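Chain by chain, the residues run as shown.
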Amino acid sequence: MPSTQQVIETVTKTKQYSATDYSAFPNSDGHFGPYGGRFVSETLIYALDDLQRIYNQLKDDSDFQAEFDKDLAYYVGRPSPLYHAERWSRELGGAQIYLKREDLNHTGAHKVNNTIGQALLAKFTGKQRVIAETGAGQHGVATATVAARLGLKCCVYMGAEDVQRQSLNVYRMKLLGAEVIPVTSGSRTLKDAMNEAMRDWATNVDDTFYIIGTVAGPHPYPQLVRDFQAVIGREARAQCLEQTGRLPDALVACVGGGSNAIGLFHPFLGDDGVEMYGVEAGGDGVETGRHAAPLNAGIPGVLHGNRTYLMEDENGQIIETHSVSAGLDYPGVGPEHAWLKDLGRVNYVAINDEEALTAFRKTTLTEGIMPALESSHALAYAEKLAPTMSPDQTIVVNLSGRGDKDILTVAKIDGINV
Amino acid sequence: MSRIGTRLQDMKAHGRKALVAYIVNGDPYPEATLPAMHAMVAQGVDIIELGVPFSDPMAEGPVIQKGHERALVHGTSLKGTFELVREFRKTNSETPVVLMGYLNPIERMGYKTVAETAAAAGVDGLLTVDLPPEEAAPLKSELTAVGLDNILLLAPTTTVERARRVTALATGFLYYVSLKGVTGAGHLDVDAVKSKLAEFGQLTELPMCVGFGIKDPATARAVADLADGVVIGSVLVSKMGDLADASADDIAAAVGDIVGSIRLALDA
Chain L
1 MPSTQQVIET VTKTKQYSAT DYSAFPNSDG HFGPYGGRFV SETLIYALDD LQRIYNQLKD
61 DSDFQAEFDK DLAYYVGRPS PLYHAERWSR ELGGAQIYLK REDLNHTGAH KVNNTIGQAL
121 LAKFTGKQRV IAETGAGQHG VATATVAARL GLKCCVYMGA EDVQRQSLNV YRMKLLGAEV
181 IPVTSGSRTL KDAMNEAMRD WATNVDDTFY IIGTVAGPHP YPQLVRDFQA VIGREARAQC
241 LEQTGRLPDA LVACVGGGSN AIGLFHPFLG DDGVEMYGVE AGGDGVETGR HAAPLNAGIP
301 GVLHGNRTYL MEDENGQIIE THSVSAGLDY PGVGPEHAWL KDLGRVNYVA INDEEALTAF
361 RKTTLTEGIM PALESSHALA YAEKLAPTMS PDQTIVVNLS GRGDKDILTV AKIDGINV
Chain R
1 MSRIGTRLQD MKAHGRKALV AYIVNGDPYP EATLPAMHAM VAQGVDIIEL GVPFSDPMAE
61 GPVIQKGHER ALVHGTSLKG TFELVREFRK TNSETPVVLM GYLNPIERMG YKTVAETAAA
121 AGVDGLLTVD LPPEEAAPLK SELTAVGLDN ILLLAPTTTV ERARRVTALA TGFLYYVSLK
181 GVTGAGHLDV DAVKSKLAEF GQLTELPMCV GFGIKDPATA RAVADLADGV VIGSVLVSKM
241 GDLADASADD IAAAVGDIVG SIRLALDA
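Sequence lines, in order, name chains L and R. Just so you know, we're using my numbering here: the first sequence kicks off at 1 and counts up by one. Just so you know, we're using my numbering here: the second sequence kicks off at 1 and counts up by one.
For the record, the hints were derived by calculation from the structure and aren't laboratory data. Note that the coordinates shown come from a computational prediction; the quantities given were computed from them, not determined experimentally. Treat the hints loosely; a few may be bogus.
Here chain R is said to cover these stretches of chain L; the calculated rule only asks that three of the stretch's residues, wherever they fall, bring their Cβ under 8 Å from a Cβ of chain R [to be verified]:
hint, stretch
1, 32 to 40
2, 197 to 209
3, 310 to 318
Glycine included, every Cβ here is placed at the ideal spot set by N, Cα and C.
I would like the entire structure built from these sequences, with the hints used as guidance.
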């Protein structure tokens with residue numbers, strides 16, 4: 001059998017997957033080239049098989065799709081607008097920047113697209129309890145929200161560090177009836193919350209549905225989360241055609257686990273003329289080692305059920321990540337991103353904390369839109385990219401969430417006690 | 001036949017049940033592990049399962065997670081674990097040693113290097129918790145090439161159809177996870193174990209050892225009646241955590257005592 005490295009080299013050299021093949025992945029056992037798969041203990045395999053069977057049965061079912069679409073329209077408020085940031089674009093003097101306004105969704109971020117979808121799957125299974133992991137708290141809030149609406153018991157695992165720095169979201173989840181369980185093992189952040197959620201699932205697999213918040217984890221999660229989030233890209237594609245008469249020249253989205261980015265990118269993967277930029281969290285700067293940018297500075301390995309790029313030490317231990325944005329503070333990334341990187345289809349770049357904070361302020365002051373610190377990474381990259389392009393070109397940036405949750409963080413950096 | 005196979009066959013021939021004991025290498029500090037291994041052997045352990053610490057031990061309960069954390073503070077690694085086994089083999093060539101851990105450290109070192117270094121160090125088999133049969137073929141072929149056993153898990157949720165696939169790839173013995181949950185959980189149901197083992201026993205000639213949730217001599221005895229052997233782990237790692245500041249001799253004596261009490265129950 002070839003090693004991971006050999007597979008990667010073969011895939012990269014031969015570019016054996018033409019653009020039109022993107023929708024055919026993952027393959028039936030959950031692989032995106034050498035990435036993805038299902039690396040979990042035996043206890044969970046049955047639950048994953050079961051989930052996959054249910055998803056395969058429902059994903060092309062017109063009643064299921066109709067219910068999903070209805071919830072997205074009337075509960076989430078879709079379609080989210082594609083907004084031409086004219087003032088900011090004019091200032092930058094380059095490409096026209098359009099913002100895909102996921103911040104306007106119910107609960108304030110793209111996360112709810114996925115939790116609506118998975119909650120419908122949970123409802124179909126009849127399981128009465130849902131669990132989730134959360135970093136910044138957005139996915140936890142989105143899960144608690146759909147659980148409240150469906151009357152399901154909800155437990156959210158959150159790193160003890162994140163519970164401290166995202167106290168507002170913790171209280172929101174509690175108001176929504178969820179139990180928030182602080183995780184004190186390991187580095188006490190998102191990755192440890194995911195470990196703990198997996199342990200809960202292994203223990204309570206009979207009555208519990210695990211709502212994973214990003215396009216990572218064991219197959220079929222990367223696939224089904226992507227499919228639920230792809231509504232972002234489908235809408236953006238149609239809206240861009242309608243507003244500009246053609247497809248965008250570039251897409252920009254932040255990448256932690258990568259769900260908002262894959263949601264925007266996926267419907268465009270076959271459009272050769274559309275350049276794509278996934279923006280990782282550069283933290284103090286990729287060169288300092290204190291960052292959360294596995295696609296920029298990591299290597300392939302196995303964590304949380306899938307093979308992907310990881311941040312790890314020379315012994316294969318996962319290392320701590322650093323980012324001002326809790327939602328990007330994750331040492332891995334969705335396997336499809338790993339594959340798209342190797343194929344050269346998407347460019348993965350990094351934006352450090354300071355640049356993201358500058359973009360947070362800039363977007364707030366110039367457009368009157370306060371972005372989440374996660375999304376601010378994408379905005380900061382767009383700010384670099386736009387001036388290198390001409391005014392008749394278009395960039396679509398995924399404004400994946402709103403910044404209300406980050407006000408305390410920014411105030412603290414400013415030395416202000418709110 | 002491998003050291004594992006020989007030992008288990010021998011046990012069976014004498015109508016005895018195998019005792020498999022798990023501790024984490026480097027827990028609570030590196031100098032404690034080797035004396036603990038020898039003490040456990042002296043008190044009647046048949047197979048040592050040496051945990052290779054990992055930063056994200058997804059299948060472990062809180063007790064063993066802490067064991068991994070204590071070991072990682074001292075920088076315990078897969079490479080260091082091979083060195084430890086080499087030391088152990090200087091005075092013990094009989095007791096099989098299985099390394100139990102997670103895939104990423106193995107991926108980092110490379111399957112071939114891991115297999116060859118492990119074999120040279122005197123390791124007998126690998127149990128990689130997050131490597132189900134669907135993904136196991138590449139590592140298994142490297143292990144087979146150097147004569148190492150590939151220990152796989154069966155769970156209460158494993159269907160008979162899947163169990164066929166598992167048993168086809170496993171060598172040495174099969175590790176039956178006695179409950180839905182993580183290591184050290186407290187809800188082992190002996191009757192449920194019995195019916196599953198009866199089902200799986202039809203599929204394979206491999207010995208079956210049962211672990212997860214075996215805490216005391218009585219449970220060990222009850223489970224042993226259904227299987228070829230039992231695995232204890234959390235009860236030992238918990239003791240090591242309690243004795244984190246004790247001398248290596250004291251730690252060795254304490255885990256030896258636990259092992260001795262279970263051995264007694266198994267032989268009764």
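Consistency of the hints with the structure:
With 4 residues having a Cβ less than 8 Å from any Cβ of chain R, the stretch 32 to 40 of chain L passes the three-residue criterion, so the hint holds. Coverage of the stretch 197 to 209 of chain L by chain R holds. Counting CB-CB distances below 8 Å, 7 residues qualify, and the rule asks for three or more. Residues of the stretch 310 to 318 of chain L lying with their CB closer than 8 Å to a CB of chain R number 7, which satisfies the three-residue condition for coverage.
The structure fails none of the hints (numbered hints given earlier).
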